[in-house]
Amino acid sequence: MSKGKEIAAVTAAGTKSKRRDIWRRFRRNKGAMLGMLILIVLILVGATVDFWLPEDWIVGQNLTEKLQHPSAKHLFGTDELGRDLFWRTVYGTRFSLAIGFVAVIISALIGVPLGAVAGYYGGKIETVIMRITDIFSAIPSILMAIAIVSVLGRTTINLMLAVGIAAVPQFTRVTRASVLTVKNEEYIEAARALGKTDPYIIFRHILPNCLSPIIVQTTLRVAGAIISASSLSFLGIGIKPPTPEWGALLTAGKTYIMGYSYLCLFPGLAIMITVLAFNMVGDGLRDALDPKLKN
Amino acid sequence: MSEYNMENKNPAEAPAGTDNILEIRDLTVHFVTEDETVEAVNDISMHLKKGEILGLVGETGAGKTTTALAILNLVPNPPGVIKSGSILVDGKDVLKMSVRELEQTRGSDISMIFQDPMTSLNPVFTVGDQIAESVMLHENCTKAQAYERAEEMLELVGIPRERAHEYPHQFSGGMKQRVVIAIALACNPKLLLCDEPTTALDVTIQAQVLDLMLELKEKLNTSMVFITHDLGIIAEICDRVAVMYAGRIIEEGTLEDVFNRTKHPYTEGLFNSLPNIEDRTAELKPIPGLMPDPTKLPKGCAFAPRCPYATDACIDTPQDRHRFSDTHFVLCSRYKEPGFRIQREEIS
Amino acid sequence: MKKRTIIAAALALAMTLTACGGAAAPAAPAAPAAAPSSEAAAPASGEAAAPAEGNYVDHIVVAIDTMPTNFEPSGNDAPVLNRLVYDELINYDKVKKELQPALATAWEWVSEDATVLHLDLREGVTFHNGNPFTAEDVAYSLDTNVNANIANYYDHCDIKGDYSVDIVLKSANADFVNLLTNTLYAGIKDKESCEADADNGSAIGTGPWKLDLANTIPGDTIELLVNADYWGEVPVTSQLTLRYISSASSRLLALQNKEVHAMMAVGETDVPAVQADPNLEFVSGAGVGPAKYYYLAFNMTNGAAKDNLYLRQAIARAINNEDVILAVGDMEAEASDGAFWGYDTPFRASASDFQVDLSYNVEEAKALVEKAKEEAGGTLPELHITGNTEKSINMNHILIIQEACRQIGIDVVIDESDGAGVNAKTKFDAGGYDMIQYNVPLETWPSGVNRMLVYSTGSNNRALFQSEEISAMLEEATSTSDDARREELYKQVQVYVHDNAIYVPAYYGSRNGAQLAGVEGIVWSNDGYPEFTYARYAQ
Amino acid sequence: MHRYIIKRVLMLIPIILGVSFIVFFMMDMAEGNALDLIGLEYSEEKLAELYRQYGYDRSVFYRYFLYMKNLLHGSLGQSIIYKKDVWELYMQRLPATLKLASASVLVAVVLSIPLGIKAATTHGSLVDNTSMVVSIVGLSMPNYWLGLMLAVLFAQKLHWLPSSGDLNGIKSLILPAITVGTGLMATMTRTTRSSMLDVIRQDYLRTARAKGVPEKVVINKHALRNALIPIITVVGTEMGKALGGAVVTENVFAWPGVGRLIIDSVNQRDTAVVTGCIILTAVLISIVQLIVDILYAFVDPRLRAQYSAPRKKKAKAAPPAAPERRAAA
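Protein chains in written order, with the working numbering: chain A, 1 to 295; chain B, 1 to 348; chain C, 1 to 539; chain D, 1 to 329.
Simulated from the structure, these hints should not be mistaken for laboratory data.
Quick caveat, the model's predicted, so the values are computed rather than measured.
C-beta: ideal position from N, C-alpha, C; glycine also.
Treat each hint with caution, since some may be false.
To be verified - Taking CB as the label site, the calculated pair distances span:
#1 F340/B x R20/A: 42 to 48 Å
#2 V168/C x F21/D: 47 to 53 Å
#3 R20/A x F271/B: 38 to 44 Å
Using the sequences and the hints given, assemble the complete structure.
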């Protein structure tokens, strides 16, 4: 929210109506609104699930009820240790969302300043930063993440780091590109003429004005991060059991896919719906923030 | 199809003469989107004789370009919808043509020169190809012949023929507009629609391009609709003038009619807002206010809110057409009152 | 259950017999017959069998669960492949549980103790490249053998003639004859080709199948062509493909879809589906060959429970082995009775030998936890457990351990790892965990893997257990030829390991496979290394 | 143009150096090493000898030095696990990866570009909306999950297609190609559509129509040619990604490609294989990128002009980035 205030400070009058405009355009996009609704529900569930879901429902094993197909008692069926897949999937929301958000925050925190500096200063600094970015993006991101997790060990936070770091180049590129478009605007010249320091100009004037692509990128990247994290889990490099992260659920279910494909179906659907929601919101945001792009 | 039409239509006004290259009757074009309708062109009628140049004047958004596009039946749809009317070009209604006929008519019978030469040319094809394409489409000839013709056209508009192999980005703005003109004239069109062809150009280039167009028009005996908001250009080249405001033609007449015997308050406003070279101390008198929102046009005169002569009735009731001569009419209800005059003096 | 599968295996064997027209012995030629005659018999039987039995498909494809990466018989971790390409000196028949002559036709200890072993070698055997097999190749193969089980004992060979050799050991090992049978590391390779081609020379063996290196993709697909000059019975199938498919469900999918003719290791929960499918045949290896033993071990070098005997015992008593078996879904698994020893390995201790009762009892476990708390001075530490969690069977075992510990109030954190990670932790970084879940294929002779579990420098010593006393006992047990003394020593070690809850064994796993109905000749075994040599499929 | 290509090839050098450095050190920091893994049952003397041979008795810098020395001599080193030259290993896996990559890109291009064009030209129609919904769903599906579900349906239930491996020619290719292709198709449809939507509003199309150019030609010649740059960018990027080995898909379908080799080698800590394969992948991706850049020049004369003027700022030569993106997986 404070960033929002900064925009207001910089982009003279009419910001409020501009924001209302954005909201109006966003609201008109049915897909985006649906996505947002799903996200709100998911975030609410993810944020509160710790308080109302008894631990026993999630990790409590009941071997007499193992591998039961979906029924009224167990909506999504039970897994090989007799744990209810529905509640595990619900609880998994927390981890999957957290991984998505934290990973993206990590990549934004590293990538955006790097991109801003590269775009603002240009010259040698830019060359160095962009070459390093090139090198990092020459390594396929999933392999990058695998390597990072192998090095740092398999903890949730390392998984977030791995997924986050692998996505840094994208943020650097996007930020640099949009900084390049605003850096020669007159109000930047004016700020420079007023003797403002470079960091001040970058953070107060430039970044707030290229937020749109970064916000869009962030939303879409969360979706990407959730998929990446679950792919890592799928390859066996994911999160610590018995944590019911969706990718981990899916991986566990993969073993039983022949006879019990529901074990794969539901966590997969959960991932898909969440990612879909993020993608729809991302698309909606892009169209709303940058109406040129639509029609 | 408003009430006004029924009452005020004057069938004699646009005689279906054979010497009319263009005849527009009751044309209405709206842009319809989900939550609003832009009334871009509202029930206009006009005609153009062979060899004539009609100037179409008005502010941005008055509906000039839409009218021109409608003549080509090129109003983007959606959102554009031609609600009613007919457009006869050389006796054939373009609005009723099949796709095939339309494609044959466009570029050969009717051509158009667009406002911004910078964006009117396809950046990925050579200018020669772009001119030749038009020739290929409308004339029965080989590729080589078409290209030859394209080179000739380039020379005609004053560009060395060798440059036919170059791409648009290698040309300056004025040169590009010459290319656009070459494309438009490549197949000797009967009717040329010029949509502010010089607006985007430097003043010196403007003059060159205008001269070129006039010269070519003479050479090829083309009729022209010349859209501009520059009254100076109108005075220089046009035979007749139509003034548009909010999608309606509010005054139409010969050049003398409109310039020297101005009748409509809006036209008067346009002249008043020009600087006067003879009297540099004279104050510029811009028209107060802005064009009305085209999605919410009033029932009556759209100009009334800005009009110094307007009465309450002007706002509520549709305008009346008032005819001063065979060639000159205005759309203004105040002329119903005998003795109503606007301030601008007649220059004889 | 076990009985039934043995019968099945016997049946399979009988079928093999009929297939080769009774001319030669089943899995490997048993008769230490004179070389020329055997050479004459083998091709003859092959030719006689094929037309008689008629229509077997030329090409068999098998889905395997371990990745064959390289072609060095002593260092590639791929017994499945080795069994096809190489011959051992002596063959161990898993089904009959007896030693049979292979490249060596006869063997005997020629020294007082078990330090010099004399071998008579089979004559007339050629390698896939046509080179003759001689004592030079035996010496070379043993000299270059990288496996600790051989290299730690083997000193050198005294070549007595082309087909006669004495193997001299550094220290006595009564089990050495058994070690020479191991398909994991005792294959014989061609000296000449190895010296000529450092990369692929060791891909040349004397076995019934030749590697088709041109079409082989290491780590994915191994292509084999039948060795028509094989000294034993020549398989009727002419081409064999091993495909590495890591996930059990994908292997089954490939089998159901008839992309492969047989698969190793059916996923635990897929067993009923396979059994119900009329097109498929479920085959268990139970009873054939040594079983894998699944266990929990405490880190005795630097783990949090190393000094707290009660804590270890409490955890041991909290785990219900039946639960573990249920959770991993291994239907033919056999729960452990506490002894850490192969179930068909001699010198096995039994429940009556143990001094302490560590059987499943939650109440007792809770009482032990209280004692453990006292010992620890109030609170118990959080315990970290690791293991190769990439395999769900391990993961589920770990989850049961975690849950069992939770029941008695001990928090357990799972540190996921993979094969490489676990190896690094146990062998080279010494620890970084308090508990480890793992498994070990316990052999039928005691001086191999069994000993490595508690021997101080043993490769399988995941408990990182260091005791000079125990190591000395093991050394003595290995070198002595006195069986009574061996039994006494080995039992003492087992009792010590059990009573101190160093290793908490859970169950002997069963290994299985599945094949299309009509596939014959595969010897399925419990060590996870079925023999595909004579696999065939009637059209 | 030649100078440009030479410059691009030279730019590979820092990338190779950087990639090798990062990957090598990362692999080294991972728990365990390949020798420990294969050497579990090895005798201590043999293991010590191997440690010496591969430089594991010395620091990682020494090993990196050895590796780079080999690299300078044109060798990518020797795999510890496979006991084989890395180049040879890579070349054994490359055909499968190439096959999968080109099949999926081809399928995606053939289907998605016409669909994207149709969606853009009938903006707001049923076709447009449906294609957008389908492609956003396609974009949101984790592809390993899609692969699993396809395998269950087409191999297990229907027995139509093989579920794994690359032994049955074109049939083996279908499921993996669909799995990889679905995501690509979604991305490409969206890119084509939005790029066409941008172009479709351009004045020069109006010029073309005013010339009497038939609508089909206007779209397929005048508009498409201008919309191609972002489409080519995406095709290039996705082709590059696919060449790096569709790691996850290759795993699901036991496809003998480079991606699976790399991931297996990561698990086995086979540093030389991982480093070598990633270097080769980076080189391959750079080559694809170069081809894409050269294609730009063919498609757009404005960019052609920039390539031939090597002194111009590089930033300008960088073509407009594709507006679409995909999840990293």
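Now for the hints, and whether the structure bears them out:
no.: 1; hint: F340/B x R20/A: 42 to 48 Å; in the structure: 45 Å, holds
no.: 2; hint: V168/C x F21/D: 47 to 53 Å; in the structure: 49 Å, holds
no.: 3; hint: R20/A x F271/B: 38 to 44 Å; in the structure: 41 Å, holds
In this structure, every one of the numbered hints holds.
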